[in-house]
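Peer 1: Those protein sequence lines, which keep their order, are chains W and P.
Mapping of the first sequence onto our numbering: residues 1 to 264, in sequence order.
Mapping of the second sequence onto our numbering: residues 1 to 165, in sequence order.
FYI, nobody ran anything at the bench for these hints, they're computed from the structure.
Keep in mind that this is a model prediction, so the values were computed, not measured.
Do not take every clue at face value.
Stated by the list, open to error - Selected chain W positions facing chain P (in silico; Cβ < 10 Å):
id	residue
1	I12
2	E24
3	I32
4	F68
5	F78
6	I193
7	T197
Ideal Cβ placement from N, Cα and C applies to all residues, glycine included.
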Amino acid sequence: MIDFKNTYQELISGDNDFRRNAIEKLYIAFEISLKRNLQIKYPYVDSHLRKSIDSENKESTMKLTSPFIEEIIQIAFFKIIEKNLSPKSEYAIVGWLKDIVNKTASEEIHRFWRKFEVDENTQSNSASKIKFDYDTKVEELNKLSKIKNPSEKVKSEISRLRVQIIGIVKLITKGGHLNHAKASAAPYIMECIDETTMLFGLQYPDQASILMEYTVGQKTENKKPNNKNLQEIASIYGQSLSNIKKTVSTYSKLLKESLSECLD
Amino acid sequence: MNKKNIMKEALHRYQRYLSQSDTEDTLLHKNFKEKLAHIESDQKLIKKIQSKVNATSSIIGSSLFITGFLIARLTLPVAVGVKGVEEKSYIEELPIKIIEISTHEEFKKIITLAINKEISLESKSNNNISQLYIYGLEQEKNKEFKKLLNLDNNYEGPLTIIVNN
Numbered sequence: 001m002i003d004f005k006n007t008y009q010e011l012i013s014g015d016n017d018f019r020r021n022a023i024e025k026l027y028i029a030f031e032i033s034l035k036r037n038l039q040i041k042y043p044y045v046d047s048h049l050r051k052s053i054d055s056e057n058k059e060s061t062m063k064l065t066s067p068f069i070e071e072i073i074q075i076a077f078f079k080i081i082e083k084n085l086s087p088k089s090e091y092a093i094v095g096w097l098k099d100i101v102n103k104t105a106s107e108e109i110h111r112f113w114r115k116f117e118v119d120e121n122t123q124s125n126s127a128s129k130i131k132f133d134y135d136t137k138v139e140e141l142n143k144l145s146k147i148k149n150p151s152e153k154v155k156s157e158i159s160r161l162r163v164q165i166i167g168i169v170k171l172i173t174k175g176g177h178l179n180h181a182k183a184s185a186a187p188y189i190m191e192c193i194d195e196t197t198m199l200f201g202l203q204y205p206d207q208a209s210i211l212m213e214y215t216v217g218q219k220t221e222n223k224k225p226n227n228k229n230l231q232e233i234a235s236i237y238g239q240s241l242s243n244i245k246k247t248v249s250t251y252s253k254l255l256k257e258s259l260s261e262c263l264d
Numbered sequence: 001m002n003k004k005n006i007m008k009e010a011l012h013r014y015q016r017y018l019s020q021s022d023t024e025d026t027l028l029h030k031n032f033k034e035k036l037a038h039i040e041s042d043q044k045l046i047k048k049i050q051s052k053v054n055a056t057s058s059i060i061g062s063s064l065f066i067t068g069f070l071i072a073r074l075t076l077p078v079a080v081g082v083k084g085v086e087e088k089s090y091i092e093e094l095p096i097k098i099i100e101i102s103t104h105e106e107f108k109k110i111i112t113l114a115i116n117k118e119i120s121l122e123s124k125s126n127n128n129i130s131q132l133y134i135y136g137l138e139q140e141k142n143k144e145f146k147k148l149l150n151l152d153n154n155y156e157g158p159l160t161i162i163v164n165n
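Based on the sequences and whatever the hints tell you, model everything.
Peer 2: Here it is in structure tokens:
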């Protein structure tokens with residue numbers, strides 16, 4: 001667990017060595033959660049690295065191109081030193097970090113699209129249209145998902161948008177995104193489950209990363225989540241214990257409902 | 001797969017998929033540490049420039065002030081002679097005209113008129129001798145006062161009036 005009080009004092013000290021030390025501590029503590037959050041938010045980024053399942057292939061690919069999301073997070077942390085940024089209080093450190101990372105990601109993501117645009121396999125004039133379609137459809141889906149007791153028309157619109165978004169992501173990632181070879185269920189069921197999980201992450205990136213940490217994260221893996229590791233999750237995500245519990249209960253119900261449709 | 005474990009399995013698969021692109025933690029942290037050592041804050045440069053600008057402007061500013069002061073001191077005269085009845089006017093330097101009168105009534109009349117016309121004066125009285133000193137009369141001015149003393153209108157200069165009893 002990171003000592004927020006000391007880290008805050010180091011960040012506001014004005015001394016570059018102290019600040020570097022604090023930034024390093026924060027990076028080690030929060031890199032994984034921030035990375036997961038961005039990976040969930042932008043599932044199509046770095047997909048070319050994930051495609052190579054064979055570890056030797058993966059290593060050789062990664063030597064050529066470093067993961068873009070990891071790069072974004074490093075840029076965000078460097079920005080703190082470069083622009084002399086500091087949080088308002090020791091309690092605001094996590095939120096402040098998330099803000100910086102999210103802002104940097106939204107600034108840097110255009111680099112991904114530019115790369116996609118100049119990719120020899122992509123038609124140069126279609127990349128901007130794909131990006132526009134993707135952004136508007138995700139926004140529309142988020143709007144419609146907030147409607148309580150949706151009508152049949154809204155439900156069919158939601159499923160239409162989900163199919164379209166998955167289509168776009170598949171187009172960007174050039175094919176399906178997961179390997180179903182070792183799956184315990186039929187491949188089409190697994191594909192539905194994977195797509196539903198990805199869409200859930202797109203719609204609720206923060207809640208999905210909390211849920212992921214709670215369900216299968218390092219803190220709770222292979223054991224029943226208890227208050228101690230929930231407290232750790234709360235401190236990683238900069239939220240109170242009760243908020244984490246509420247998020248987990250509300251959104252796990254939502255995800256379960258969506259996933260059950262795949263089995264039905 | 002049953003509905004009970006579906007969420008755990010789905011999230012597990014998704015996490016495994018996402019972590020495929022992760023670099024090993026030790027390598028990543030080492031790489032970050034190395035890069036971080038070379039990062040300098042932009043503001044430091046700005047502050048350096050600001051301090052240089054401040055020092056330069058203070059040197060230039062003070063030297064400009066000194067130069068300006070010296071030029072002003074050398075070019076502008078300390079005092080300017082003005083024609084008029086002000087202190088140290090040339091009229092006061094002219095030879096004094098002495099007028100003798102015989103009666104005190106006439107003397108009082110002269111004083112009253114001088115006061116009414118706001119002419120600068122000084123009077124002294126000792127026993128039966130009274131004296132009125134007028135610092136200076138200008139040309140073509142105080143015509144009534146000059147007429148009372150039978151002076152020419154063009155007269156200028158100081159005046160002393162004595163009662164010779």
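Peer 1: Hints first: check each against the structure and report whether it holds.
Peer 2: Do the hints match the structure? See the list:
1. I12: violated, 14 Å
2. E24: With a minimum Cβ separation of about 6 Å from chain P (threshold 10 Å), the hint on W/E24 holds.
3. I32: holds, 8 Å
4. F68: Hint holds; W/F68 Cβ to chain P Cβ min 9 Å, cut 10 Å.
5. F78: holds, 5 Å
6. I193: Holds. Min distance 5 Å.
7. T197: Holds: closest Cβ of chain P sits about 5 Å from W/T197, inside 10 Å.
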